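Please put together the full structure from these sequences, using the hints given.
Chains A and B, in that order, are what the protein sequence lines are. Each number in our numbering corresponds to the 1-based position in the first sequence with 2 added. Each number in our numbering corresponds to the 1-based position in the second sequence with 1444 added.
Some chain A residues near chain B, calculated using beta-carbon distances under 7 Å: (1) P28; (2) T36; (3) L43; (4) Y258; (5) G265; (6) M269; (7) N276; (8) A416; (9) M451; (10) M462.
Bear in mind the hints are in silico, worked out from the structure with no lab data behind them. Please read these numbers as outputs of a predicted model, since none were measured by experiment. For every residue, glycine included, the Cβ atom is placed at its ideal position computed from N, Cα and C.
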Amino acid sequence: MRPPFASPLLRDAVLVAGIAGVLAFPFVGLLLTTQGTAPTLSTRFPEFAGAVVLIFFGRLGISAARRGHSLFPIVLGIAMATVGAFSLLFETTGMAADSAAPWHAFVPGTFLATVASAGGVAIAVVAGRNHLLRDSVPVAQKPLPMKQLLLWTGIALAGVAIVLPLLPAVDRRLIDVATLVLTYVMLGWGLNIVVGLAGLLDLGYVAFYAVGAYSYALLSVTFGWSFWVCLPLAGALAALFGILLGFPVLRLRGDYLAIVTLGFGEMIRIILLNWYDFTNGPDGISNIGRPSFFGFQFAAKPAEGTESFHTLFGIAYDPVHRLIFLYYLILALALLTNAFTLRIRRLPVGRAWEALREDEIACRSLGVNPRNTKLSAFAIGAMFAGFAGSFFATRQGFVSPESFTFIESAILVAIVVLGGMGSQIGVAVAAIILVGLPEYFRELQEYRMLAFGMGMVLIMLWRPGGLLTHREPTIRTRPQPASA
Amino acid sequence: MGHGDGRAHFYVMDYFAQQFINGISLGAIYGLIAIGYTMVYGIIGMINFAHGEIYMIGAFIALMVMVAFGIGEGGLVIVALLSALLVSMALTSLYGWVLERVAYRPLRGSQRLAALISAIGMSIALQNYVQLTQGARVKTLPPIIQGGFEFQFGDTDFIVRLSALQIMIVLVTIALMAVFALLIARTALGRAQRACQQDQSMAALLGVNVDRTISLTFVMGAALASVAGLMVTLYYGVIDFFVGFIAGIKAFTAAVLGGIGSIPGAMLGGLLIGFTEAMWSGYFSIEYKDVATFSILVIVLIFLPTGILGTPEVEKV
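Have a look at this one:
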């Protein structure tokens, strides 16, 4: 008897590999280069063949595992992983460089080998799990008390964030990455006010981040004002920009608003790039004042007549002190944003935002002024972006228009939507996944953005409502029964 | 200007005519890309953010085919161009079809932003896919179609150039638009598309294959974008993996400007954007041409919130 799975699965895998082959042929199989002014075309058939074979077996394994087969996908997965691992070994030990060796033509590139081994392991694990779970009777699970769970997750995350720099295993690099992630968490929380609470899709949020960063940079370089003076000013300027930009366009709806905000984001970047006298154009602004510990500098040798952080506490100078201080600074700013959001949701204006998101017409008929309500969300969101921007400027000591491209806005919207639109913890988790992981794997620089884009698509396909979709109404007219 | 008062008038005319010609050719290209945005938005109400990348892929494939035909070494220009057109349209359409199947169809019916995020993810992934496989450096193509007409109005020394390529771009665009308008107005597919645009569930009840119609919408949008890609490659002679982003944003702006969902509107919006860009670069500053484009968009949307040819949305409670 023919094995029942063979025919449809094989046909499916051949089809998928065939389509992928046609699609990939021009880009993977061919290479365009320019010699002088003449374009030339060269071929890369081994890589192309390797990719198609990999897609064929990968698809075969995935669909077999999905249909509940276990033995075949496990064997296939292990085989793929083994071949991939051996290829990687050849690659790294330099044996593949010996082009006379007979196996040379069969060794795929590092990328394919990595994908093969990782994919093989994943297929085998999924199939193995299916096999183990096959005979178990599904137990009627009690629904998890989501609210409690989220609360405790939040407290645990905050706890880890607070003690993180003090842990012995933590190095400078991890603190750097964590600081970056926290910047995005803060921006995500700020954008969450606009997108998650008020339901206004803003694709140009990075503009306010840029306004905050440049405000601090210019004030600090021109007047020498300190970070603590400039921080509220930067926030206020960004909020002002939010009102100025929001005023004409906030009556637009949905996607129109999205494209206009995207346009504003690009406009601000173009102006920063071209207004050379004011912003120093593409060269950016450098030598921006570093933050001080309430007036005490982080310097090995403090200036005449001032005291430095390490002399204040009588400890040895260590450059990591400044990093840890920056980390706590952004942590405090982010937690401030969070606390603000949680509180304002309970105020009339916060409730008006959420009501406006759900139904604008109903709101208007109940006497909520949609324009002012939206404008307040826009301005407050912008203000937090301004804070984060001035933190960015002081951390880097340098700003240039390059840091404020559309991709940053896209990442931030992705963080809010992946986090589950309005869920504060979801935003934090999404920021860790989308920013922290790629940043930590910076060695894979080339593949980082490819993986980032694919990751966005895959997470959306896996959980279309966001990672933490649970959304409690902030207000209930009648208390819930205790048993629920 | 320095030509004396008597001749300055002609100089102004000539310069305007030149910018007008440039604007029309650029606008035709934006219009072709904008149709893809507007059709998809009309039928499933989402911004296909990766459409700019589809256009970029079309440009790359067209360039590869032309190079394979030995362009620049006196190859058969017409054959090379036609093959580039056909191969690029076919492969790019397949990209459009797969894009919808893989990234958008599973998300149909979930929250509206999910599909947008998936589209942004696809856009980033496709850009980096091309950058990884083909490198980040620009690809160049020496000019293939040369010749054209030169005009001189009055006795100025300013020569207005209307290249053969510009004429070709406008003619191809007009031809495609005509075919396309017929397709929408006369064929069963066009009827199905208009039906789905109005009411998907009703169309499905009346026997329209909604999935197939949406797939074909993506295929057609991608095919038009690939033609735009081919023409841009010929026009500018330079492409890289990033060309899709800014062209995509401008084309989407064009679609919104013309009234999203309306195909003549997309063309009109494209022409307006191309025109604004050419005029602004010609008379003010080339650095701020994108700012001008977006300002036009904002102004139009404030006074005509549904675009120039869009139908006003009726809100029902």
